[in-house]
Structure formats: C-alpha cells, structure tokens
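Chemist: Each chain, written out:
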Amino acid sequence: MTAIIQSILFLIVLGLTGFFFLKKAREIYKNIKRGKAEDISDRPGERWKNVFLLAFGQKKMFRNMTPALLHLCVYVAFLVTQVELIEIVIDGIFQTHRFFYPILGGLYTFVINFIEILSVLALIATFAFLARRNLLKIPRFQMDEMTGWPKLDGNLILLFEIVLVTFIFMMNSADMAMHHGEYGFWLSGILGSAIEGLPHGVLVAMERIGWWGHILLVFGFLNYIPYSKHLHIMLAFPNAYYANLESKGEMSNMPAIMKEVQSMMDPNAAMDDSAAVDEEMPSFGAKDVDELSWKSLLDAYTCTECGRCSAACPASGTGKLLSPRKIMMDVRDRMEDLTKLEAKHGPDHKDGKMLIGDYISPEEIKACTTCNACVEECPVSISPLNIILELRRYQILEAADSPEEWNLMFTNVENNGAVWQFNPADRANWINEA
Amino acid sequence: MSENGLDVPMMSDLAARGEKPEVLFWVGCAGSFDSRAQKVTKAFVKILNAVGVKFAILGPEETCTGDPARRAGNEFLFQMQAATNIMTLDQYEIKKIVTACPHCFNTLKNEYPVLGGNYEVIHHTTFLQGLINEGKLKMKGGGTFKGKKITYHDSCYLGRANNIYEAPRKLLEALDAELVELKRCRSKGLCCGAGGAQMFKEEENGSLRVNQERTKDVLEAKPDIVAVGCPFCSTMLGDGVKEKEKQDQIQVKDIAELIAEAQDLD
Chain C
583 MTAIIQSILF
593 LIVLGLTGFF
603 FLKKAREIYK
613 NIKRGKAEDI
623 SDRPGERWKN
633 VFLLAFGQKK
643 MFRNMTPALL
653 HLCVYVAFLV
663 TQVELIEIVI
673 DGIFQTHRFF
683 YPILGGLYTF
693 VINFIEILSV
703 LALIATFAFL
713 ARRNLLKIPR
723 FQMDEMTGWP
733 KLDGNLILLF
743 EIVLVTFIFM
753 MNSADMAMHH
763 GEYGFWLSGI
773 LGSAIEGLPH
783 GVLVAMERIG
793 WWGHILLVFG
803 FLNYIPYSKH
813 LHIMLAFPNA
823 YYANLESKGE
833 MSNMPAIMKE
843 VQSMMDPNAA
853 MDDSAAVDEE
863 MPSFGAKDVD
873 ELSWKSLLDA
883 YTCTECGRCS
893 AACPASGTGK
903 LLSPRKIMMD
913 VRDRMEDLTK
923 LEAKHGPDHK
933 DGKMLIGDYI
943 SPEEIKACTT
953 CNACVEECPV
963 SISPLNIILE
973 LRRYQILEAA
983 DSPEEWNLMF
993 TNVENNGAVW
1003 QFNPADRANW
1013 INEA
Chain X
2 MSENGLDVPM
12 MSDLAARGEK
22 PEVLFWVGCA
32 GSFDSRAQKV
42 TKAFVKILNA
52 VGVKFAILGP
62 EETCTGDPAR
72 RAGNEFLFQM
82 QAATNIMTLD
92 QYEIKKIVTA
102 CPHCFNTLKN
112 EYPVLGGNYE
122 VIHHTTFLQG
132 LINEGKLKMK
142 GGGTFKGKKI
152 TYHDSCYLGR
162 ANNIYEAPRK
172 LLEALDAELV
182 ELKRCRSKGL
192 CCGAGGAQMF
202 KEEENGSLRV
212 NQERTKDVLE
222 AKPDIVAVGC
232 PFCSTMLGDG
242 VKEKEKQDQI
252 QVKDIAELIA
262 EAQDLD
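So the protein lines, in turn, are chains C and X. For the first sequence, my numbering assigns the number 583 to the initial residue and increments by one for each residue that follows. For the second sequence, my numbering assigns the number 2 to the initial residue and increments by one for each residue that follows.
The following block holds chain X by itself, in its conformation from the complex (with noise of 0.2 Å):
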C-alpha cells in the first residue's frame, strides 16, 4: 500500500512470488509523468483496487510503446521500442492489457501483433463498461452527476481508428447525467490536435490551432463538464477551454476520474 493509499503492485515483485495479475495495466508515458495525466492513473487504480482487481504495472520497466515515433515516421525506433516491450511483456507472460492511453492501445492492439506480441489489449472505457456488465462495478444512480450536462469528445485512436464508440457513452450513461453530443461526434469526431506526433511539436503554421477549433464545438454544446478517454485529448481540450476562460463552467475530465468520483473514491 503507497502513501496514498493505492494498492499498485509491480510486476516484477508478482512474478518474484510466482503470482500473475489478471490484468497488465500498462500506464504509458502521459499516466506515468504528465501531472494530469497522472490524476486519470489514480483514478482508475482506485476503481480497479475497490472492485479487486488484481493487477499489476511494468513500472520502471514499461517503456514508450513507439506510437509517436512510428507516426513521425521514425520506424527503427518503434521497432526497437516494439521488440523491447514485447521482450518484456513475454517474459512475464503477459495475455492481457488494460490502457488508459488510446495511442498505447491501438499500438499494443493492432501493431504489435505482426512482430509476435499478441496480447488481448483492452481500453480501459471497455474495461470499465465490462466490470459493469459483470456486476462488479455498482453504478449508484442519482449520485454526484445528476442533472449536469456531460459531453464526450471521442479520440480519434480509439473511435476511428478502432471502432470503439460506445462503450465510453455506456459509461456516461450510467453515471445518471444529461449525455450532450458534439456537433461532430463518433466518427466524424473532430481531431484534438495531439493525434500523429503533433503533441511533440509546435503546430504547423495556420489560421488556428486544431484544439482551438475543437473547443469551439465544446463552448457550442455548453456542458459542464467534457469527458474524454485519452491523456492528450485531455491536455488539447483543457488547454483550449482555459484559453476561452471557460475553466470555472466546464471541466475536462476523463471518464475514469468521473467513475471515480460518483464512487466516491477520489
């Protein structure tokens, strides 16, 4: 137990005792160093240490997946990235993975497979919705979010690119409150901006920023609080609602803090 209270144990130390998780939760870089990020990996460890789950973290041996590298154009490097992680995930006989970070999950889901890492590779908007179904997860009606207006911005990497479009929306669902969709929702949702390295970099020259444009579609649908899935969409569309000073209205916050805190776990 940390001194926050977190159960998070490492995967080197289960498999020290002879002991496999159920589930890997592959942090990614944004849940491990980005302070906001760092909230979301927190959030969904408390849901996943209330319901007992047993899982467990690379931690200091999880290493970038090579998604922005890849989309850069640098392949040696996602490769070098890819055979080093797969090293890892085989040698502690890794079969399945939850992600909060929709780039890592489309990464470990579609691209490692042809270099042999085949994992069953889940988000954890799906994981969450599956501890639902199960029973586990015990959505109180009525609770922190009912009556606000929550809109969900779907990351191109999990909506497009993998077809996952309901199961974030189910959660939401469940937490009681008003669902409002974006004039551009599902698959005609619009970038954040972060997606193909761009977080990495200055944007190129334009009449604005891709997250600027985004937001606009947010302060149209005036919720009270956007839900997202991704750790980057998050940074784009916080930081696009700050600059229009719309903090104090509406809150970006991702589905598992939302989770976390009609379960009064935060």
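Isolated chain C, as found in the complex (with noise of 0.2 Å):
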C-alpha cells in the first residue's frame, strides 16, 4: 500500500517539477527571442569544439589553478550523478529498490563508489567555495552588484550542495546497514555499520527520508536554478555552441550605416537604393533588451556572476563605475522585470525605462577601455563588451550624448582626416623633422 501512494507521490512531484520548470525555460525562452535575429550558424565543427572544450573541458577555467580544481569536483560528481538520478526516477516510478543493483552488479557498486568519492570532494570544494565568498573575502566576491540577492543566490546553492549531499550519504549507509553491508559501497559500508545498531524502523525512515529528501531537493533544485545564477550548468554549453569565433577586436558591422555611407559616396548605388528610402529608418544601437543580438541575451542568462570579467576589467580595477557583471545582471534584470510587467499589464505594455539610463549608466559604459579583458577571462562565452558597444552606439547615433571631447576628436577625423587637429597636407612632415 505504502509503495502505490509513494508511487503516486512520486509521480506528483515529477509531474509539477516537470512544469514548472517548462513553464520558466519557455519563459526565459521567450525573453531570448526578444533580442534582434544574428545569424550564427557558420562553422559547426569549430562551434563544436568549443562546446567540447569550453563547456565540458572548463578550458577558461584553468586560467586560475585553484577555482579550477574546486569546481571540477563538483561539476564531475554533479555529472556522473545525473546516472544515479536515472535510477532514483525508476525506483520512484515503479518503487524497485536499486533498480540497476541485480542488472549491473560489481559494476553497480563501483558507479557508487565512484559517485561517493566525488560527492566527497565535492563536498570538501563546498566549503572551500563557502569559505572563499564569506571568510577569505575574495575580493570579486565583494563588488558593489554583489551584495541582497546575489550574494544570498550564491550562498544558498552552496548550502543546497551539502544538504544534498548528506542525503545521500544518509540514505547509502542506513541501505548498507539495513543489508548488512550487501552492495559493498565504502563510504557508506564505513557510515553505515555505525549505524547497524539502530532499530531496523529507525533504518528504514533514514533510508526513505535520504531517498526522499535527495529527489525533492534535486527537483526543487531543477525549479529553483532558473531563477538563480546556477542557469549556467545548462546554458554554457548552446553558449559555447554560439561563441564568437572572430578575431576579439572586430566589432560587429552596421550593414544599413555602410549601404548609406557607400552610396553617398557612390551615386550610382543611390539610385539602385532609390526603392529603399520608403523603408522604416532603422534605430541604431540599443537602447533596450530588444535591440540586442539574442546573444548576448543568452549570455545573460547564461552569466554564473562569477565576477572574472570585472577582477580583469581595468576600469573596475580603478574604481570606474563600470563592472561588466553588472553589466550582463542588469540585461538580465530588464528581461526578467519586463517579463513581469508584460504578465501584468499584458503584452505591449511599456514601462516608459529603457536599459540605459535606468539600468546601465552612461558614466558606467563610457569608462570601457574595449580590452577584451572580460571577454577573454569569461569561462562560458560571454561577451560584455558587445554589450557595452551596442548602448555605446545608441548614445551617440541616437540620444546624440557624447563627452564634449569624443565630438572634438570626432570633428577633428571629419575634418582633418585624423583624431588630432593638425592639418592632414602636414601628414607626412615627420620625414623632414629633426
């Protein structure tokens, strides 16, 4: 009787988790595909690659020793855990015990095995990250956008880790000693026969509570990361998939601004153009989430805020406002905060705000140094910079605000054909100089 309502229970829980998470990928979804169309579906192989070598490999990660082999231990057991969650869906579903225990045997016992010397080290790297964000005070732990919310988000996947994990733990050992140590797991077989003296009901409700517990916070887990930093455990692999794979210092060109400026200077193709007056004059720049490629909206939410962009930044690094984390939260931030709008007052409601200005200063985009710094430092492909540049563009093709010095540098390449004011006939005369 106990297995079918457990069954049913079971079936309960899959079912609204299943939900409830679709229901927030669609959203999240939705919120890309607000961004303008970029076409990146070049060059698959090398796409590919990256998804091989940055997403699974952690490449960017071994840029910094330390971080690097903390995370590989929870990544490895979070991967190689996703085997046991197989087998805990099966036995929910159908209440088997150890499903795969008869079908693999000494097999079976050593995934185990495997799972629990990395839900150790794993374990051990928990606190070792809970003790770099809180006691050792990282210094990129401890910018301006990371205090509230996202400093709590980063704490409370932490704590979510070592729950797990002691769930685990507790139901393998009360298993191992309710079966006189009959699977043949270390860890546990060790927990477990210290255990072994318990009433066998006490055995049993650890067991359960273990089994339970691990699957409802694995499932609350699923529910929770689309609204959290952890996004990225999904989304670094299609943003691997779609990294830039151009030279870094190549901005991305303004087709309408070239077929404009070459027919200026080209009468022939403005008359082939003449058709296209009629067109809607495009916006240039991003003022908004809309404006900007899906890309780099994907980046958003694909942003860990693990804050190596801004610690490599050289205009954070001097107390500059900017921090190109802030940057990819507050894109976040706008599409999450329009969602909500749009659910309210319906569809094409306008919140009369734009992402700059009420998000993203001016003061913080105009300290960029365009470095690449946080672009190269970025483990899961995100490009700030894009970002930066886009509203840089709005700024000044647009809302027309620029520092009073860009306009004199600007006037001065109109009309002298160099960023100086010197006379361009005098170009040369470095030759005969002493």
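Honestly, the hints are just simulated from the structure, not real lab data. A virtual CB, placed ideally from N, CA and C, is assigned to each residue, including glycine. Keep in mind that the hints are not guaranteed to be accurate.
What the hints assert, rightly or not - Computed beta-carbon distance windows for the label pairs:
#, chain 1, residue 1, chain 2, residue 2, range
1, C, GLU609, X, ASN134, 34 to 42 Å
2, X, LEU7, C, ASN1005, 19 to 27 Å
3, C, ASN1005, X, ASN50, 25 to 33 Å
4, C, LEU686, X, ASN119, 56 to 64 Å
5, X, LYS141, C, ILE622, 49 to 57 Å
6, C, GLN724, X, GLU94, 52 to 60 Å
7, C, TYR611, X, GLU167, 36 to 44 Å
Claimed, not checked - Some chain C residues near chain X, calculated using beta-carbon distances under 7 Å:
#, residue
8, VAL665
9, ILE772
10, GLU987
Build the complex: two chains, separate frames, hints provided.
Modeler: As structure tokens, then:
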C-alpha cells in the first residue's frame, strides 16, 4: 500500500517539477527571442569543438588553478550523479529498490563508490567555496553588485549542495546498515556499520528520508536554477556553441550605415537603392534588451556572476563605476522585469524605462577601454563588451549624448582625417622634422 | 632622401612612375603627428631603409582608420573613414600593409574586409620578426642591451584582440637582453587605459587612472626598459613612469626603436 502511495506521490512531484520547469524555461526562451536576429550557424565543427573544450572541458576555468580544481570536483560529481538520478526516477515510479543493482552487480558497486568519493570531494569543494565567499572574502565576490540577492543566491546553492550530499550518505549508509553491507559501498559502508545497531524502523525511516530528501532537493533545485545565477550549468553549453569565432578585436558591422555611406560616396549605388528610401529608418545601437543580439541575451542568462570579468577589467580595477558583471546582471534583470510587467499589464505594456539610463548608466559604458579582458576571462563565452558597444552606439547615433572631447575628436577625424587637430597636408612632415 | 637621411617614398610618386612597393607602411595618426610616436615611425623607416625593403607611405592621402570613432559609438564616421581609405588603397592596388599601431592594424585587418577592403595586414613587430627569420635583418648579439632588464607590455589590440604574443617577445630575445614578464602579461595583460577612445577624453571618475594601475606592475618588475608595440601604450606608460619620477631609471620604448638602437641606426 505504502508503495503505491509513494509511487503516486512521486509521479505528482515529478509532474509538477516538469511543469514548472518547462513553464519557466519557455519564459526564458521567449526572453532570449526578444533580441535582434543574428545568424550564428556557420562553422559547426569549430562550434562543437568549443562546446567540448570550453563547456565540457572547462578550459577557461584553468586560467586560475585553485577555483578550477574546486569547481571540477563539483562539476564532475554533478555529471556522474545524473546516472544515479536515472535509477532514482525508475525506483520512484515503479517502487523498485536499486533497480540497476541486480543488473549491473559489481559495476553498480563501482559506480556508486565513484559517486560517493566524488560527492565527498564536492562537499570539501563546497566548504572551500563558502569560505572563499564569506571568510576569505575574495575581492570579486565583494563588489557592489554582489549584495542582497546575488550574494544570498551564491551561498544558497552551496548550502543546497551540502544538504544534498548529506541526504545521499544518509540514504546509502542506512541501506548498507539494513543490508549488512551487501552493496559493498566503501564510504557509506563505514557510516553504515556505525549505525547498524539502530532499530530496523529507524534505519528504514533514515533510508526513506534520505531517498525522498535527495530527490525532492534535486527537483527543487531544478526549479530554483532558472531564477538563479546557477543557470550556467545548462546554458554554458549552447553559449559555448554560439561563442564568437572571429578575432576579438572585430566589432560587428552595421550594414544599414555601411550602405548609406557607400551610396553617399557612389551616386550610382544611391540610384539603385532609391526604392529603399521608403523603408522604415532602423534605429541604431541598443537602448534596451530588444535591440541587443539574442546572443547577448543568452549571455545574460548564462552569466554565473563569478566576476572574473570584473576582476580583470581595468575600469573596475581602478574604481570606475563600470563592472562587466553588473552589465550582464542588469540585462537579465531588465528581461525579468519586462516579463513580470507584461504578465501584469499585457504584452504591449511599456514602463517607460530603458536598459541605458535606468539600469546601466552612461558613465558605466563610457569607462570601457574595449580591452577585451572581460571577454578573455569569461569561462562561459560571454561578451559584456558587445553590449557596452551597442549601448555606446545608441548613445552617440540616437541620443547624441557624447562627451565634449569625443565630439572634438570626431570633428578632427571628419575634417582633418586625424584624431588631433592637424592639417592633413602636414601628415608626412615628420620625414623632414628633426 | 630627406634632410634626416630617411628614404620615404610617397605612394603617389611610385604610382606615377608605374612602380609598386612590396609593402605599404600605414603610419597612422599617432605615428604621423605625435612627437613621441614620430620617433618610432622614423626608427622603423631606418630599419626598412637599412634592410632595403621597398615600401611607400600614403602621406597626405592617409586618413584615420576610424577605430576611435567606431569604438566611441560613431559608426557613421567610421564607415566614412573606411570607405575613403579603402578607395585610396584599392586605387593603388595595395595588397600588403604594415603598421606600427595595433589599433590601425586591428581595424585594417579585421574590420575592413567586410566593407570590401581586403589586404594582408601585418603589425610591425611581426614584420620585423619576419625580416630576422628571413635573414634580412641580422641581429648582433652582445650589443647595446646586453645585461639590460627589459619587460614587455602587451597591447590589448595586438594580444587579446589578435593573439599576437610571440613576435614582440622573439624580437626582445634577439636583443640579447634579459626579458622579465610583468605580473599581468599576455592574455592577462592589463590595458594601459587608452583603448576604446579613452585616449581622447578624460577618464571617468575612479580611485586612480588605469595607467597608474599599470605603472604599478611596471615598477614592481624593476626593468631598465619597458618595451611596447603601440603608440598609445607608449604615451600612457610614459606618463605613468614620469608621474612616479622614474623616467631616469625606466625608459618606455617601442620595439622598433630598440631594434634600431641595437643596429646602431639611431
């Protein structure tokens, strides 16, 4: 009887988990689709290589060895534990007990032992991470944008991990105690022999609490991550696939302006394009998320707020307002805010706010040296720089909000062909100057 | 031949004679007008002259590539500059360009092709490295820089933007000097503060300027010379070192200047 109840309970929880997860996933997908279309489908071979090297292989993480090794423990434990999850789902639905054990035998013992060892390593790493965030106070976790929810979010995930591992060992060691070490798990075997004297009923309860606790936490986690910085565990893979393959120094072209300039310089081209005059004049650059590329929006959801970008940023490092991580967090916040507003007031609701001005200040984007350090450091292929440059384009081309000194530089380039006020005819004077 | 003993052919003169250069030297705004960068331009020309490279410059026909305008956000101005320059370069059927400015280099190499300007673009450090490899430029060991401690500051537009880390270092090794790395180097190199059109405006408010932060790295390495490959890095680090009154101990020099000095061309 309890088996049927547990089975039904499990199916209900599984169904709800799937329902809410897919609902949120669809919302995120729609948010990313707000972005401007950009075809990123060329060179699939190189893109898959990036998925394997950058996402699966964690290549960029190894620029910094200590966090790389700690993160690797958690990452590998997470990947391998998925095997166990398959069994838990089967056991949950059909109320079997360790479904794979009779099938796999010795291999089963090996796999669970492997998972247990990785879980302990992950546990150690988790404590190290908590210490790095809260005791050692690594600077990149203490920046202005890392207060309130982002700080709590970072710690909650680590606490999740600790409770999760506790449940796994509670389940396995109670099981080992009840079955007198039959499964042959090393670590939970040691714990199991310590609690073997407990009444059978207590052991059964412990095993059930461990089992249910574990899976409920996993389901809860699945529905937590779409609201958390932790979404990178899923989106790092597509984001690596769609990573920029060109030189980092190349800025995206603006074909509308290119055509206009070319038609200005070539009267024949202007004639050809006369039909296009009636077309709606495109707006240049980005003032809000819908004018950024969809890849920039995927970037924002992929960001795990690690702050490697801001730690390397020359502007952040010298006390400027700009922090590349904050740019990514602002873009995501803007999308989430729009979703909430539209759910409340209808899809065409406008709140009169913009990404530039209301979320990201002009001063922040003006501080960027376009040095690409943020792009270079990001382990999950994000470019904060693309967003900054698109916002700058809006500021100059649409809002005409330019620092006076830049206007002077523009005038010099336009009139003298040089960034400073020199006569173009004097450009080769250096040849004869002492 | 100029009054300085430099042989700097104009592209227009070459074209009038129906001649073509091996390579066009793109001098850039800094190299043309900035008094500090002009010295680098001259040093590079001296090397080209000494080796006998047949080159030319555009002179008054060269205009800003549009890099700072584009990065500030002014795409119209960038496109105007690019279209003008591509017209000039194509009119002379230029195939190969060398430049001592990483910003010009990046724009010509990466941003002009999509606009129809396709050239082989080389940074002067790569070009000089090529001359050494081909045996055209022979470095004498044990010369001017023996025993000197030289460090190299990676320019963002050469390093991270274009993955050029080795050529400048190979050149410094050829000087027979002691090469010491800065704390933050190669892909982790810290910007000098000039890129993204920052060179042309005051920095935003902060606790210190980017060049002051970078100068800390330089002073920590205690070099005799900081080698650079970018006129803007040169200005920024030069100012930073001067501010700390270390200009007598630490010289900020472009690699072309160091090579020219080692060859007794200065």
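Chemist: Against this structure, judge whether each hint is valid.
Modeler: Quick rundown of the hints versus the structure:
The supplied range of 34 to 42 Å is broken by GLU609 (chain C) and ASN134 (chain X), whose beta-carbon atoms lie about 57 Å from each other. About 21 Å separates the C-beta atoms of LEU7 (chain X) and ASN1005 (chain C), a value consistent with the hinted range of 19 to 27 Å. Distance hint for ASN1005 (chain C) and ASN50 (chain X): a CB-CB separation of about 26 Å, consistent with the stated range 25 to 33 Å. For the hinted restraint 56 to 64 Å between LEU686 (chain C) and ASN119 (chain X), the CB-CB distance of approximately 60 Å keeps it satisfied.
Distance hint for LYS141 (chain X) and ILE622 (chain C): a CB-CB separation of about 51 Å, consistent with the stated range 49 to 57 Å. The beta-carbon spacing between GLN724 (chain C) and GLU94 (chain X), approximately 57 Å, falls within the hinted interval of 52 to 60 Å. The hinted window of 36 to 44 Å between TYR611 (chain C) and GLU167 (chain X) holds, with their beta carbons roughly 43 Å apart. For VAL665 (chain C), the interface hint is violated, since its Cβ never comes within 7 Å of a Cβ in chain X; the closest pair sits about 36 Å apart.
Look at ILE772 (chain C): its Cβ only gets to about 44 Å from chain X, farther than 7 Å, so that hint breaks. A least Cβ separation of about 4 Å between GLU987 (chain C) and chain X falls short of the 7 Å threshold, and the interface hint therefore holds.
Violation of the numbered hints given earlier is confined to hints 1, 8 and 9; the remaining hints are satisfied by the structure.
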